[in-house]
Structure formats: structure tokens, C-alpha cells
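Engineer: Whole structure, please, built from the sequences with the hints as guidance.
Read in order, the letters of the sequence shown are residues 1 to 355 in this note's numbering.
Treat the hints as calculated values from the structure; they're not laboratory data. Some hints here could point you the wrong way.
[Stated by the list, open to error] Result set (SDA-like, lysine to any residue): computed pairs, CA atoms no more than 20 Å apart in a straight line: (1) LYS210 / LYS313; (2) LYS313 / VAL275; (3) LYS129 / ASP81; (4) LYS240 / GLY315; (5) LYS332 / ALA11; (6) LYS7 / ASP81; (7) LYS129 / GLN118; (8) LYS218 / PRO168; (9) LYS309 / LYS321; (10) LYS288 / PRO328; (11) LYS288 / ASN341; (12) LYS177 / GLN214; (13) LYS305 / ASN273.
[Unchecked claim] Each pair of labels, with its calculated beta carbon distance range: (14) PRO133 / ASN34: 28 to 38 Å; (15) SER123 / MET331: 34 to 44 Å; (16) ILE327 / PRO133: 35 to 45 Å; (17) ILE327 / LYS129: 34 to 44 Å; (18) ASP52 / LYS240: 49 to 59 Å; (19) GLN118 / VAL241: 18 to 28 Å; (20) GLN214 / THR325: 25 to 35 Å; (21) ARG157 / LYS240: 17 to 27 Å; (22) ASN62 / PRO296: 26 to 36 Å; (23) ASP91 / ASP52: 18 to 28 Å; (24) PRO133 / VAL275: 20 to 30 Å; (25) LEU83 / ALA147: 50 to 60 Å; (26) SER342 / GLN118: 45 to 55 Å.
All residues carry an ideal CB built from backbone N, CA and C; glycine is no exception.
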Amino acid sequence: MEAKELKLLAAGRWASIVTSLAPHLGQAVERTPNHVPCPVHGGTDGFRLFRDFDETGGGVCNTCGIHHDGYTLLMWANGWDFLTTHRAIHDMLLGSGEKHYAPLPAKKVCVKNEDNRQDIRDSLNHVWKASIPLTSPEARAARLYFANRRIGQIDYRKIDSKMIRFVPSLEYYEKGKLVNRYPAIVTMVCDANGRSSTVHRTYITHDGAKANIQSPKKMMRHCADNLFGAMRIAVQGSSKVLAVTEGIETALAIMGAFNVPVWAAGNAYLLENFVPPKGIDVVIYADKDRPSMIHPEGHGLSSAKSLVKRLWKEGVKASIKLPDTDIPQGMKSVDWLDVINSNVYQAIIKKTAAR
1 MEAKELKLLA AGRWASIVTS LAPHLGQAVE RTPNHVPCPV HGGTDGFRLF
51 RDFDETGGGV CNTCGIHHDG YTLLMWANGW DFLTTHRAIH DMLLGSGEKH
101 YAPLPAKKVC VKNEDNRQDI RDSLNHVWKA SIPLTSPEAR AARLYFANRR
151 IGQIDYRKID SKMIRFVPSL EYYEKGKLVN RYPAIVTMVC DANGRSSTVH
201 RTYITHDGAK ANIQSPKKMM RHCADNLFGA MRIAVQGSSK VLAVTEGIET
251 ALAIMGAFNV PVWAAGNAYL LENFVPPKGI DVVIYADKDR PSMIHPEGHG
301 LSSAKSLVKR LWKEGVKASI KLPDTDIPQG MKSVDWLDVI NSNVYQAIIK
351 KTAAR
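Structural biologist: This is the structure in C-alpha cells:
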């Protein structure tokens, strides 16, 4: 069957086709047409599928470019050539006694040229040079933000001041245009070797509330060819166990409640690709998300299980801690910050501390 005929047959079915042939696009399919991290080069919100995705199969990455239909999308996402893609779609729709394609070859990467990398480094340095420690008197807005998020018992001596800091007035852009300046908590993202890759920004107000803007949490462009790292919030010290979370606030809450070093991956997709330091056991404090078509167990647990499976194969001891509380009505998820903030859990912590 010709590609033109297959496209007609696939119209209205691209969500199931792409989910099956490129599972790493699952978050984008689930959140169509909202922005998500690019499944090829990383980042935080550079990729989305078109509103008519189920009919056309198309999507766009702000860095990698436009993919007008399901063919070009799968070729880009999986690194396939046209014939491999055509046969995979044919087998998916019409069945075949033999599969002519590799199910998931290694993802290709959008390689940045050196001029582009330098522009990114300059932007990152601009932000970081403007930052001050969280303990500075001028960083009161950051401490108020943590208090408003009910993150108690923060021991700033155990927070790596080289990794999470505060900018009193940071530019906020939307679609390349300067909107305003806001206070911001900035966190360095490092790769598995400890090299700086990018900066995560949380825009807030002077009284410690989340800034009322379209994207109060944003990742800057990164100078690596992919973004598989973590925000190394805690000083590792001599501990042989490292806790890992999705969010920064959850990481700080766990540090305060359980007195363990914690790093934050940033989101479920980056959590799944987390690479820990050598010789360290990993405990994943997973988010409990509502089930979806793509993630029947919830995205947080699904990513945590994928990470644990990979780490054990690599000889790393890893385990998962999942909130045992129900997700409240009207909420999409429960994380460990919610658990720690619950009255029952606070009572347990106080009782343990009194012993």
C-alpha cells in the first residue's frame, strides 16, 4: 500500500499509532496540544503535538523543527528512514507476519553548533552572575515562598548554595518578548558528570507567592546535546543513599522531614532518564498521579518503575516510595510534599523527633 493510502487509513488513529511505535512521545500524546519537554533534545516545554494531531500525526519542536505528519514525526523521534517508518505503520494498521523495523532504536540528537552553545552559555552566565544565596537578607522572597508552600524545617547548611540560589529581579519572556521582571529561585541542572547544563527558574512575587504568569516554572535552553541530569539541591556528603524526586519543593520537604540528601529531576520524563553518581543507592520519592490511557498506573509511578528497572540492570540498588494517601477530588496528583504537610504525618515526625 502506498504512503498516501496509509495516511488516509491512519487519519483519526495517530494517537494510538504513535503511542505504540514511539512510547517516549507518550507525555506529548497525553497532553496534546500542550507543550512538554522535547523527547529528543530535552528541555522543559519546547515540544507539542498539533491540535489536529490525531488526524495528521504532526507536531513541532522549537529547536528541532516542524514535523507535518505522522511519517516525519516518527522518522524524527525514532531515527528511522522512510521505508522503516512506512513498514512500521503498515504493520500497525494492517498486520504482518514479519516486522521489518527495530522497535525503538536510539534517539538521535539535535546537535548544537558552537556559536549556538556560546549564546546559551552567555544567557546562563547572565542569570547565575545575578544570583545570591538563599540565606541572604535580599532573598527573603524565596524563603517566604518556601514557607507559603509549607516546606518546614529547611536546614540551609545542607543545601548546596552553588546549586540553588535567588535572583532579586529576573527577566521573564513569552514568545521571545520581554513581559516583565520578577524575583526568581534559580537552580542549576547538572549532567551525570556534574557539569552544568542549564538553569531552572521559578518566578515568584516579593511576598513569596507564585508569579501570576503563563509559565512560572521554566527551564532555560541547555548547552548539552540532551538534558538528562538533575538539580543537585543537597550536599551529598558521605551518604551512600540519594533520594530523587520530580520537583524542587518536594525535594526540600523530604530533606527537612527525613534528613537525607535529595536531588530533583524536574519532571517525570527526566526522572526516568536520571543517572546517579557511582557507588550510590537510589530511593525514588515518586509522585502519585491519576491513571491515564498512556500511563495506567500514573505517569509518576510509571517513570519511577522504569528508572528502578534500568538502575538494577546497571548494578545500582534502587527502590520506590509512593504516597499511600488517596488523590483528593479535583486534584491530578499527590506528591510527598502533600504527604509531609498532612496533619497525621506531621504528628508522626514530631513523635519520632521526640524519642
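Engineer: Hints the structure violates: just list their numbers, smallest first.
Structural biologist: 1, 3, 5, 19
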